[in-house]
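Participant: Top to bottom, those sequences are chains F and R. Taking my numbering, the leading residue of the first sequence gets 1, the next gets one more, and so forth. Taking my numbering, the leading residue of the second sequence gets 1, the next gets one more, and so forth.
Because the hints were derived from the structure by calculation, they are not lab data. Predicted model, so just to flag it, every value in this text is computed and none were measured. Don't be surprised by glycine CBs; every beta carbon is placed ideally from N, CA and C. Treat the hints loosely; a few may be bogus.
[Claimed, not checked] One side of the interface only, derived from the structure: several residues of chain R facing chain F at Cβ under 7 Å:
#1 Cys-20
#2 Pro-47
#3 Ala-48
#4 Pro-49
#5 Lys-51
#6 Ala-53
#7 Cys-58
#8 Ser-73
#9 Gly-78
#10 Gly-79
#11 Gln-90
#12 Lys-93
#13 Lys-94
#14 Gly-95
#15 His-99
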Amino acid sequence: MYRLARRCSYLLILLATGNLCLADGGAEPQRPDAACEACHGAGGDKPVSPETPRLAGQENDYLVEALLQYRKGARQNPIMGAMAKSLNDEQIRELAKYFSAQRGLTEKY
Amino acid sequence: MKATFEPTCAAIQAAIIAFCAASANADAPTAPTAPIATASMAATLVPAPEKVAMCRGCHGIAQYRTAYPLVYSVPKLGGQQAAYIVKALQDYKKGLRNHATMQSIAATLTDDEVAAIAAYYAAAQSAIGSSNP
């Protein structure tokens, strides 16, 4: 009886710690470069100035396109140009994926 | 034991009834009031400016994609910063941003119309009509 109780408690501890490992939300995307959030805010949802856009929930491939345009200079912005030039394709994809997965912008009709 | 059982039950019953009566009085309905307009309700009541009809066809439809010259998703505008939308439309007007359709549309808008459109889209709250789960 005592052995059974001990085995059960080991199992419970194992399950509890296992849950703690998953408690960070499993599939949550990697946090992006803090450089973006310095201006666009946490999760891209609290821009520091009125002319800085919200990114949270924006369309994924629009964000990719915007960063590509900034990087090649097709879209001109002194800050964004410098930011985008430091990004490779993989990073652009990751950032777009992160911000598009946040809750924020909507397709308002 | 038996001698005190029934009085005890009666006492408990009385206590429960008294408690329910007190709760009922506390919850007594007052005269119905009109729903309080919340900030988010007021925000979505920004009237749609006339020219927004031009925007809806592309920006108002989920997952709408441009076809030419590149295929990518039209950006969401609901809840976007008003000053950013104003700057974007002005940049399209000046040719600083390159997109044939947007340049054509922006060219037809006066400054007042640009401001009205920007205010309309900025007013969207993500909790209402959100396409995000």
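Participant: Could you run down the list of hints and mark each one as holding or not?
Facilitator: Okay, the hints, checked on the actual structure:
no.: 1; hint: Cys-20; verdict: violated, 41 Å
no.: 2; hint: Pro-47; verdict: violated, 13 Å
no.: 3; hint: Ala-48; verdict: violated, 9 Å
no.: 4; hint: Pro-49; verdict: violated, 13 Å
no.: 5; hint: Lys-51; verdict: violated, 15 Å
no.: 6; hint: Ala-53; verdict: violated, 11 Å
no.: 7; hint: Cys-58; verdict: violated, 10 Å
no.: 8; hint: Ser-73; verdict: holds, 4 Å
no.: 9; hint: Gly-78; verdict: holds, 3 Å
no.: 10; hint: Gly-79; verdict: holds, 5 Å
no.: 11; hint: Gln-90; verdict: violated, 11 Å
no.: 12; hint: Lys-93; verdict: violated, 15 Å
no.: 13; hint: Lys-94; verdict: violated, 11 Å
no.: 14; hint: Gly-95; verdict: violated, 11 Å
no.: 15; hint: His-99; verdict: violated, 10 Å
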